[in-house]
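Engineer: If you want the building blocks of each chain, they are given just below.
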Amino acid sequence: GESVGLHLPTLSVQEGDNSIINCAYSNSASDYFIWYKQESGKGPQFIIDIRSNMDKRQGQRVTVLLNKTVKHLSLQIAATQPGDSAVYFCAENRGGTALIFGKGTTLSVSS
Amino acid sequence: EAQVTQNPRYLITVTGKKLTVTCSQNMNHEYMSWYRQDPGLGLRQIYYSMNVEVTDKGDVPEGYKVSRKEKRNFPLILESPSPNQTSLYFCASSLGVTNEQFFGPGTRLTVL
Chain A
1 GESVGLHLPT LSVQEGDNSI INCAYSNSAS DYFIWYKQES GKGPQFIIDI
51 RSNMDKRQGQ RVTVLLNKTV KHLSLQIAAT QPGDSAVYFC AENRGGTALI
101 FGKGTTLSVS S
Chain B
1 EAQVTQNPRY LITVTGKKLT VTCSQNMNHE YMSWYRQDPG LGLRQIYYSM
51 NVEVTDKGDV PEGYKVSRKE KRNFPLILES PSPNQTSLYF CASSLGVTNE
101 QFFGPGTRLT VL
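So the sequence lines, in the order shown, correspond to chains A and B.
Mapping of the first sequence onto my numbering: position 23 corresponds to residue 23, and the numbering continues sequentially without gaps.
Mapping of the second sequence onto my numbering: position 34 corresponds to residue 34, and the numbering continues sequentially without gaps.
There may be inaccurate statements among the hints.
What the hints assert, rightly or not - Partner residues aside, some chain B positions facing chain A, computed with beta carbon under 8 Å:
id, residue
1, 10
2, 41
3, 50
4, 60
5, 61
6, 64
7, 95
As the list claims (entries may be wrong) - Restraint ranges, calculated between C-beta atoms of paired labels, are given here:
id, chain 1, residue 1, chain 2, residue 2, range
8, A, 20, B, 53, 19 to 25 Å
9, B, 19, A, 15, 40 to 46 Å
10, A, 20, B, 40, 18 to 24 Å
11, A, 72, B, 40, 33 to 39 Å
12, B, 2, A, 57, 44 to 50 Å
13, B, 50, A, 26, 44 to 50 Å
14, B, 112, A, 72, 29 to 35 Å
15, B, 5, A, 83, 21 to 27 Å
16, B, 11, A, 27, 20 to 26 Å
17, B, 12, A, 106, 37 to 43 Å
Stated by the list, open to error - Derived EDC-like pairs (lysine to aspartate or glutamate); straight-line CA-CA distance at most 16 Å:
id, chain 1, residue 1, chain 2, residue 2
18, A, 103, B, 38
19, A, 71, A, 55
20, B, 71, B, 30
21, A, 68, A, 55
22, A, 68, A, 49
23, B, 17, B, 100
24, A, 103, B, 59
25, A, 37, B, 30
26, B, 65, B, 79
27, A, 42, B, 38
These aren't lab readings, by the way, just hints derived from the structure by calculation.
Glycine included, C-beta positions come from ideal geometry on N, C-alpha and C.
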C-alpha cells in the first residue's frame with residue numbers, strides 16, 4: 001500500500017512567498033529521499049535529495065528537511081516564482097531496489 | 001545531450017493488440033525503471049532493472065513485460081493490452097536506485 005504521502009494535494013501561494021510542501025513516510029528503514037517537480041506535459045525533474053544520515057540539505061532556493069523522529073520530509077522553496085508552479089512529488093527508497101512515490105502536491109503561484 | 005528517450009510519445013490502440021514502448025538512455029546508467037502515472041495515484045513502478053539481464057517487478061507489474069538485453073535500452077511490452085492500461089508511462093534511468101533518476105518525456109497510451 002501507499003506509505004509515502006503528502007499532507008495537502010494542493011497549495012496556493014503568492015509570488016515572492018516561501019512555500020513549504022510536506023511529505024510523511026511510514027517506513028523507518030527508508031534511507032534515501034528525493035523530491036521531483038513535474039510541469040504540465042513533462043516528465044518529473046529532480047530537485048533535491050537527502051540521505052537518512054542528514055537532517056537538512058540546501059540547493060538553489062530549495063531546502064529539504066528530514067525529521068526521522070516523526071518520519072516527515074519537507075521541501076521549502078524560497079521566494080516562490082510563477083515558474084515554480086508544478087506538481088511536486090516526494091519519493092523514498094527503503095534500502096531496497098525501488099523508489100516509492102507519493103501522490104503529489106500541486107503548487108500554484110499567483111502573481 | 002544526456003537524455004532518456006521514449007517512443008512513441010502517443011499511442012491509441014485496441015484491446016489485445018500487442019505493443020512495445022521503447023526506452024533508451026545515453027548516460028550509461030545501470031538502473032532503469034518504468035512507471036505509470038494515473039490521476040490521483042501518482043507514479044507507480046511497473047518494473048525495474050538493476051543491470052543488463054536483471055529485471056524485477058515493481059508495484060504494478062500485471063499485464064506488462066520488460067527486457068534488458070543492452071544497457072541503454074529497456075522496452076516495455078504489453079502482450080495483450082486492456083483498457084485499464086490506459087495511462088501515462090514514464091521510463092527513467094539512474095546510476096543506481098539511490099541516485100537521481102532521469103525521466104523520459106512520457107508516453108500517453110490509450111487502449112480502446
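Engineer: Each of the hints needs a verdict: does it hold here or not?
Structural biologist: Here is how each hint holds up against the structure:
no.	hint	verdict
1	10	violated (12 Å)
2	41	holds (7 Å)
3	50	holds (6 Å)
4	60	violated (12 Å)
5	61	violated (11 Å)
6	64	violated (15 Å)
7	95	violated (12 Å)
8	A:20 <-> B:53: 19 to 25 Å	violated (44 Å)
9	B:19 <-> A:15: 40 to 46 Å	holds (43 Å)
10	A:20 <-> B:40: 18 to 24 Å	holds (22 Å)
11	A:72 <-> B:40: 33 to 39 Å	violated (22 Å)
12	B:2 <-> A:57: 44 to 50 Å	violated (23 Å)
13	B:50 <-> A:26: 44 to 50 Å	violated (25 Å)
14	B:112 <-> A:72: 29 to 35 Å	violated (43 Å)
15	B:5 <-> A:83: 21 to 27 Å	holds (25 Å)
16	B:11 <-> A:27: 20 to 26 Å	violated (35 Å)
17	B:12 <-> A:106: 37 to 43 Å	violated (27 Å)
18	A:103 <-> B:38	holds (10 Å)
19	A:71 <-> A:55	holds (11 Å)
20	B:71 <-> B:30	holds (7 Å)
21	A:68 <-> A:55	holds (8 Å)
22	A:68 <-> A:49	holds (15 Å)
23	B:17 <-> B:100	violated (35 Å)
24	A:103 <-> B:59	holds (14 Å)
25	A:37 <-> B:30	violated (23 Å)
26	B:65 <-> B:79	holds (8 Å)
27	A:42 <-> B:38	holds (14 Å)
Hint check: violations occur at hints 1, 4, 5, 6, 7, 8, 11, 12, 13, 14, 16, 17, 23 and 25; the rest are consistent with the structure.
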